[in-house]
Every structure is written in C-alpha cells, then in structure tokens.
Amino acid sequence: MKQPNLEKNETKVKKKSSFVNLMTPQRKISKKVSILLGIFSFVIILVVWSFITYEKIVGSMFVPTPGETFKAMQTMFAAGFWSDIWITVYRVMLGFIIALIVAIPLGILVGAYSPFAALLEPVFSFVRYMPASAFIPLFIFWIGIGESEKVAVIILGSLPQLVLMIANNIRDVEKSLIEVSYTLGTNTFDVLWKIILPKSLPNIMDTIRIVLGWAWTYVIVAEIVGASSGIGFSILQAQRTFQIDSIFVGILTLGIIGLIVDTGLTIINKKLFSWNF
Amino acid sequence: MVESIVVKNVSKSFKTKSGNVQALSDINLGIRDKEFVSILGTSGCGKSTLLRIIGGLETASEGEVLCHDSIVDGPGIDRGMVFQQYSLFPWMSVQKNIEFGLKQKKVERKKREMIAKEYIKLVGLKGFEDLFPKNLSGGMKQRVALARGLANNPEVLLLDEPFGALDMQTREVMQELLLGIWQSSPKTILMVTHDIEEAILLSNRVIIMSSHPGEIKEILDINLGNKRTFETRLTEEFLEYKRIASDVIRVETSKIL
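Sequence lines, in order, name chains G and S. Going by the UniProt record's numbering, the letters in the first sequence line up with residues 1 to 277, in that order. Going by the UniProt record's numbering, the letters in the second sequence line up with residues 1 to 257, in that order.
So that you can see chain S by itself, here it is in the shape it has in the complex:
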C-alpha cells in the first residue's frame, strides 16, 4: 500500500535549564493512504510534538519525516492542521475562513464559494456562513476549523486534540461528524488525543505512546469495519479494545506519577 507519511528515526530533545529533556526517542511510523491513525498518550508524552514535527511546525533533533516521498521541511498545504484552540481568523466570516486556503491556491471566486458551501453543509453550518467566529460556540468553531482544513483538500489532515476543549456531549457529536465524513470520503488523517474511546471509535490504527522519553509503546489495529456508528461504542469488540488500551495507558500513567 502507498504510504502517505513516513516517520524515520525521529528524536526530539529540548534544552532546558536543568539539562536536555528527551521528548521523543527514535519514533518510526508509516501512515498509509486514506488511513485514520490516532496517537494516544498521557499528557506530556510528546504526542503533540510528534504531530507538530510532521506538520513542519517544529524540527526533529534527529531523523526525518517524509510526506508522499518528499522530506518535510516546514509547514505546507499538503499537511492541513486543526488545533484544539480552533485558531479561526476572527476578522473573517465562517465562509471566508473556509475559503482562505482555496484563495491562497488562487482558486477562482465562483469555484471556491461553491467548495466552501459544500463543506459548510458537510459540517452542518448552513445558515451560519456570514457569522464571525466570536458569535460561534466552541463546537461550531471547531466545525469551521475542520471544514477549513478539509476544504483545502490536503494529502493528510493532522488533528491536534481537536475536540479537547469541547464538553462531553459536543465532543461526541463532533466525533460522529468526523466519523461520518471520513467514512463517506476517506482521507489520510492523523489525530492526537488522550481520549481512549475517541481514538478507538475513529481509527484504523491506534498508536499508544509512553512518556519520558516519548516512545511508541503499542500499536493496535482496530478491526471494527468501515460502517461504524455511535452504537459501535457499546459492542464487545470495542470494549475489548478499550480494555487493552486502558491497560497500557494505566501502566504508563502510573510510571510518571
């Protein structure tokens, strides 16, 4: 299968006053085309750092990242990102936010309006096109951020704890939304999260990381089929995956406590 993202021997250390801190140690990872992969780990395990290195927002101390066979050297439109804190452009309407990437690509106006409309519909924001971000709730903001990332049609979408700032109910609705989007038009997605259920429900593979230093501890293939719904959470298989993942995470958490 074609590999969309390849992470080769990536290590990252930060210099602090009390010496070097190893955030990531020898990470090797391949993400296939149209695969949904989650990186699961406790806070401080370096999962966001890994995502930011893949996104080109930070540089690895050692090793390299390839995106479709070209070495990642800074951020680019082939790797779209959605952050936990939404990061919408507050001076632009919902519509303009979603069009931004297309405008940068010099897609002509009519066409980019059409594409934006499509994604507005997809994330359920019809009727809110002309509102500014300050008038939106957290869940709606994250819908816009998601639509903005998708509308640009990147090779890979990188999600950094995308629903971490949302309340429980909104988070579940957003997970369903993302699940629906991915199932109807598969896309390579790499998501960082600390929510075990979220990772299992959405992913083809869950990568569990350990901390100090950040290493890949376990990789779980999630064989829950391609027709998952919210109900999938209640199935035996799901609970079994959850049990396995929880065990690994618990061991890792108790190590650092």
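Next up, chain G with everything else stripped away, as it sits in the complex:
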C-alpha cells in the first residue's frame, strides 16, 4: 500500500516544480508555452471587449462591439481602405529609408570616431528632444501639406534617434575584439569593416526595428494634422462623422501592420545573424 502513495507524492512534487519553473526570474520557457501565452493575452482583450460592449456596459457610441468593428472593416476595405494603407506604408518607408541612408553612415562615424562624436552628438541629442510633431506646423508653412511634408516629419523624427542609437551599437563592440584583431594584422581601417561592423550589425538591425515603430507614430500624427489620404486621415474622417467603429478599424490596422513588420524583422534578424542568438 505504501508504494502507490509514494508515487503520488512524487507526481505532486513534479507539478509544483514546473510551476515554480515558470515563475523563476529570467528562466526561459518553451516556445509552445510562450506562443500560447501570447495568444492568450489577445483572447483576454477580445473577451473583455466583447463583454463590456455586448453587455452594454459601455454604449456603442463610445466603444463599438467586435461585430460592428468587423462590419465597419468590411465596408472600409470595400470603399478603398487599401489605398489608404498603401499610402501610409509608402510614406513611412520613403521617409524611413531616406533617414536610414543618412543615419547609418553618420551613426557609424559618430560611434567609431571621437571627433565625429564631439561634433555631431550634441546637435543630435538636442534635436532628439524636439518632438517631430511640433515641427508639423512649421513644415506645412515651409513645404505645404503634400507628400514631402509627411516624409520630412518622419525623417526628422527618426534620423536623430537612429544616429545616436547606431553610434551606441558601434561603441558596444568589445575593445578586446579590436585589440586581438590588431595583433592578427588589421589596421585602423580594416578594424571598422572587418570587426566593428560585423559585430554590431545585429544590434543595428534591432535599432532599425525599434525606430521604425516610432516612425509609424510620426506618420499618423502628420496625417491627422494635414492630409487627404492615409490611415491617419481615415481615422480623422471617421471621427468627424462619428464612426467610432471605423476609428477602431484604423487603429487596429496600425497595430496589426506594426506587429507583422516587427515580427518579420525579428525573424529576419535571427535568420541572418544566427551566430548571435
């Protein structure tokens, strides 16, 4: 009789330890559990949202039901919401790519060479603290409300961040790697291309991913302030005509695009730089 009792005890102990495992600080969990938990949080939001709207705890004037939102989405896409999404994506990409073309070399120079850091870092730190959105009235005054104004806002918003963060990525390369490479025959020029850049590339990719997220915010603000197309413009239009469900569609679209792009870039980063993960 004692034998089975013992076994029971053992299984109990095991169960307890797996919960303890999950709640141990900094402990890794399996991919499956992590995906399930991720989905779970979305399910919770959906459940709470459904509950407060279908139970009429909050009126649909303020929060539409998931069903209404879905219907609004169908109508919006039928009415050409795709082209709004496209124009917004286009603006972000154009502005962000221009910012990247300038920021990557500048960030590398600032991070690698102290004179460039002394010259440029104070200016970029200064500009970084001026919100890009505060420049919108000025940009409208200077260049109107055309495409170039939105692109200018995105460039202004992301460029200083990119430069300063890439510079830090470059500085994070361990000194010992640079030193050992000198003893293996690199010169001060080689060291930049053969050691510092390859080592910092995954981190630079990560910086790009993070700042791209911020660029999304700038484009929406620019579109809300002065535009005749785009997701931000759609949201503003919906507000003017009290279509709260359409506002929801606009905001959710932004979230979904952001999630897809972010996940995509994370996967690409891990694939390209498997040595780092």
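Keep in mind that the hints were calculated from the coordinates and are not lab data. These numbers come from a predicted model, not from an experiment. Even for Gly, the Cβ is constructed at its ideal location relative to N, Cα and C. Don't take every hint at face value.
Result set (SDA-like, lysine to any residue): computed pairs, CA atoms no more than 25 angstroms apart in a straight line [unchecked claim]:
1. K175/G with P133/S
2. K175/G with L136/S
3. K271/G with K134/S
4. K175/G with N153/S
5. K96/S with W193/G
6. K96/S with P198/G
7. K187/S with D73/S
8. K28/G with K187/S
Just a sample of chain S residues kept apart from chain G, beta carbon distances all over 12 angstroms, derived [as the list claims (entries may be wrong)]:
9. R79
10. M92
11. H212
Could you slot chain S onto chain G? The hints should help.
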C-alpha cells in the same frame, strides 16, 4: 643567444584622481628566441600592463620595448596575443577565426585552409570546424584562440592569463596541451599568470613580480628539462621550485594586505 624581446627601463604610471599611481617601475627584461617565460605575480602587480605594453596595446611612460631589434610602436602581427576572455570573433566559424590572421596576410585560400586544418588538429578541435563560438565551451574557445594566435606564426606569442577563466580540470588539460605544442615546436612565448604551478610547469624562466610599484622581484630558471609531462608536477625538483616561488609570492601578498 638571440633576444626576441627586450624590455628596457620600462615604467608606467597612471593618473588617477588621488594622484599618480606607479604601476611599473624600471622593468628590464630580455626574452630569448624560442624561450617560454612566465610572469608571475599577485593581482594588481602590473604584470598584465607589462604584457600589454609589449603587445603594443598600451604605451610605456618611460623606456622602450624592442621586438627583434625594432622598437615596439603599437600592436603588430609579430606579437600575437591570447586573452583570458577568449575574444573570438562570434560571427565567424572556428575555421574562419583561425584563418583570420592568414587572410589578413593575404595567404591564398587553399593554403590558409590547410594551415587552419593543421592547427585545428593540433588543439584537438577536429570535427568542430564549422561551429560558431557561442556553441563552444570555455576550454574549446580558448583552444580556438590559441590556434588562431599560433596559425599566424608570430615571432612571439603573448598569453594574458590564458587559462584564468577555466575550471581546474580544463585548465590542467589546457596546460598539457600548451606544453605539448611548445615542446614539439618551440616558440617564443611570454605568459602572464597568477598560477604558480602553471608558471613552473610550462616555463624555462619564471619572473616573479612585486606590487606597488610593479617590479621584478626574482627570476627563477626552471631546469626541468625539455621532456616535461603532467607527472613533472609531482617530482622533487618541481616542488622545490614551487616552494621558492610560493615564499616570494607570500611575502609580496602579505605586503599589500
């Protein structure tokens, strides 16, 4: 005999907030060709600073270092280095890490692959050529670092507490490995360590340093022959050297405590 490295009246002082700190004071040293020399000392005695000055990674406040009669002015391929923290290039496979120096020298591909293979075999990493450093244990990483330093065939190999980060067992295996490599093809090696047994087992000469300021306290010629093995540690002569070195070190340690 030909002197590979000559250290002449080298002093080094650092400026700190509480004034100048003398790290090295009037160091004079000659290392012969194909000699294995260890610098032994307690932490903070400036032994790593001395090695870094010889490596050209730091400059002396006074004096100069000659490597094969030319004044050391910055790091160079004639003085290869292996650090305690491995410092492998994480984006390169084991093979590419070892080939790096040869590639810098513009050795053609076929030849450098062949040389790298040779050193991979020498340090016992056959079968691990295509792995990246993140997949290697500490001991294996240090094997790669050693192979990378050797493959470049420098005049002198400078080792900065190369096995300091390894556990006891791995360290002993690595010491044997280095001993075997040096005995089969002698090379000028200067190693910094705080491990007395390691210094005696591997070296022709052990230089014991004192601290505050870092000075050469004692130089021990280790006459244990050229056919040392792991067993050498257990011989009378070895223990006698250990006793002498320990005494000097103990006096130095108690001074700074």
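A quick look at each hint next to the structure:
1. In summary, the hint linking K175/G to P133/S is supported, as the alpha carbons are separated by about 18 angstroms, within the 25 angstroms threshold.
2. The hinted pair formed by K175/G and L136/S meets the criterion: a straight-line CA distance of about 21 angstroms does not exceed 25 angstroms.
3. Annotation: proposed proximity of K271/G to K134/S holds, straight-line Cα distance about 15 angstroms (limit 25 angstroms).
4. Under the criterion of a C-alpha separation no larger than 25 angstroms, the hint pairing K175/G with N153/S is consistent with the structure, at around 23 angstroms.
5. Our distance criterion of 25 angstroms between C-alpha atoms is met by K96/S and W193/G, whose separation comes to about 16 angstroms.
6. With a C-alpha separation of about 14 angstroms, the suggested pairing of K96/S with P198/G holds against the 25 angstroms cut-off.
7. Taking the CA atoms of K187/S and D73/S, the gap is near 22 angstroms; set against the 25 angstroms cutoff, the hint holds.
8. Straight-line distance between C-alpha atoms of K28/G and K187/S comes to about 46 angstroms, which puts the hinted pair past the 25 angstroms bound.
9. The claim that R79/S lies off the interface is violated: its Cβ sits roughly 6 angstroms from the closest Cβ of chain G, which falls inside the 12 angstroms cut-off.
10. The Cβ of M92/S sits about 8 angstroms from the closest Cβ of chain G, inside the 12 angstroms cut-off, so the non-interface label is violated.
11. Look at H212/S: its CB is around 26 angstroms from the nearest CB on chain G, clear of 12 angstroms, so calling it non-interface holds up.
Hints 8, 9, 10, counting from the list given before, are not met by this structure.
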